[in-house]
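Engineer: Sequence:
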Amino acid sequence: MTADTQTYVKLQEIYSRQAHADVLAVQAHVASLAALESLPGDLVSLDKLKLFCKNAHHLGVHSYESLAAEYAPESKAGPAIAQALDA
1 MTADTQTYVK LQEIYSRQAH ADVLAVQAHV ASLAALESLP GDLVSLDKLK LFCKNAHHLG
61 VHSYESLAAE YAPESKAGPA IAQALDA
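According to the working numbering, the residues represented by the sequence shown are 1 to 87, in order.
Distance condition first, Cα-Cα at most 25 Å in a straight line; then the derived DMTMM-like pairs of lysine to aspartate or glutamate:
#: 1; residue 1: 10; residue 2: 22
#: 2; residue 1: 50; residue 2: 13
#: 3; residue 1: 50; residue 2: 37
#: 4; residue 1: 50; residue 2: 22
#: 5; residue 1: 54; residue 2: 42
#: 6; residue 1: 54; residue 2: 13
#: 7; residue 1: 76; residue 2: 65
#: 8; residue 1: 76; residue 2: 86
#: 9; residue 1: 48; residue 2: 13
#: 10; residue 1: 54; residue 2: 22
#: 11; residue 1: 48; residue 2: 22
Read the hints as simulated data drawn from the structure, not as lab findings.
Using the sequences provided together with the hints, build the complete structure.
Structural biologist: Set out below in C-alpha coordinates:
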(Lines of atoms letter the chains of each structure in order from A and count residues from 1; the text may use other names and numbers.)
(Lines give C-alpha, C1' and ligand atoms only; values in the text may rest on other atoms or scores of the structure.)
Protein backbone atom coordinates (compact mmCIF):
# COMPACT_ATOMS: atom_id res chain seq x y z
CA MET A 1 0.00 0.00 0.00
CA THR A 2 1.40 3.35 -0.96
CA ALA A 3 0.54 6.74 0.41
CA ASP A 4 1.07 10.00 -1.35
CA THR A 5 -0.07 13.55 -0.81
CA GLN A 6 -2.69 13.49 -3.55
CA THR A 7 -4.38 10.36 -2.18
CA TYR A 8 -4.26 11.72 1.36
CA VAL A 9 -5.83 15.00 0.29
CA LYS A 10 -8.62 13.14 -1.54
CA LEU A 11 -9.28 11.02 1.53
CA GLN A 12 -9.36 14.14 3.68
CA GLU A 13 -11.90 15.71 1.31
CA ILE A 14 -14.10 12.61 1.50
CA TYR A 15 -14.09 12.70 5.30
CA SER A 16 -14.75 16.44 5.28
CA ARG A 17 -17.75 16.08 2.95
CA GLN A 18 -19.17 13.27 5.09
CA ALA A 19 -18.68 15.29 8.27
CA HIS A 20 -20.48 18.24 6.68
CA ALA A 21 -23.35 15.98 5.57
CA ASP A 22 -23.60 14.58 9.10
CA VAL A 23 -23.80 18.08 10.59
CA LEU A 24 -26.54 19.04 8.13
CA ALA A 25 -28.51 15.88 9.00
CA VAL A 26 -28.24 16.61 12.73
CA GLN A 27 -29.18 20.25 12.10
CA ALA A 28 -32.32 19.15 10.21
CA HIS A 29 -33.24 16.76 13.02
CA VAL A 30 -32.75 19.46 15.66
CA ALA A 31 -34.88 21.87 13.61
CA SER A 32 -37.68 19.30 13.32
CA LEU A 33 -37.60 18.61 17.07
CA ALA A 34 -37.57 22.35 17.78
CA ALA A 35 -40.60 22.82 15.51
CA LEU A 36 -42.49 20.12 17.44
CA GLU A 37 -41.85 22.06 20.64
CA SER A 38 -42.63 25.46 19.04
CA LEU A 39 -39.02 26.59 19.45
CA PRO A 40 -36.91 28.47 16.90
CA GLY A 41 -35.23 26.22 14.33
CA ASP A 42 -31.84 27.85 14.85
CA LEU A 43 -31.87 27.08 18.55
CA VAL A 44 -28.44 25.40 18.37
CA SER A 45 -25.65 27.14 16.46
CA LEU A 46 -23.86 25.44 13.59
CA ASP A 47 -20.58 25.62 15.55
CA LYS A 48 -22.15 23.76 18.48
CA LEU A 49 -23.56 21.11 16.13
CA LYS A 50 -20.13 20.65 14.53
CA LEU A 51 -18.59 20.21 17.97
CA PHE A 52 -21.34 17.75 18.95
CA CYS A 53 -20.84 15.67 15.80
CA LYS A 54 -17.07 15.74 16.19
CA ASN A 55 -17.35 14.30 19.70
CA ALA A 56 -20.36 12.02 19.13
CA HIS A 57 -18.23 8.91 19.61
CA HIS A 58 -18.02 9.77 23.33
CA LEU A 59 -21.80 9.68 23.81
CA GLY A 60 -23.48 7.04 25.89
CA VAL A 61 -27.00 6.24 27.01
CA HIS A 62 -27.87 5.81 30.66
CA SER A 63 -31.36 4.67 31.63
CA TYR A 64 -32.65 5.24 35.12
CA GLU A 65 -35.97 4.81 36.87
CA SER A 66 -37.48 7.35 39.20
CA LEU A 67 -37.14 6.62 42.91
CA ALA A 68 -40.88 6.06 43.16
CA ALA A 69 -40.74 3.43 40.42
CA GLU A 70 -37.65 1.82 41.90
CA TYR A 71 -39.13 1.50 45.38
CA ALA A 72 -42.56 0.32 44.19
CA PRO A 73 -43.36 -3.18 45.45
CA GLU A 74 -44.08 -4.44 41.93
CA SER A 75 -40.63 -3.43 40.64
CA LYS A 76 -37.81 -5.94 40.23
CA ALA A 77 -35.86 -4.26 43.01
CA GLY A 78 -38.84 -4.00 45.38
CA PRO A 79 -38.46 -7.41 47.10
CA ALA A 80 -34.68 -7.05 47.39
CA ILE A 81 -35.02 -3.60 48.94
CA ALA A 82 -37.68 -4.83 51.37
CA GLN A 83 -35.50 -7.77 52.38
CA ALA A 84 -32.48 -5.51 52.89
CA LEU A 85 -34.52 -3.14 55.05
CA ASP A 86 -35.81 -6.03 57.20
CA ALA A 87 -32.30 -7.30 57.89
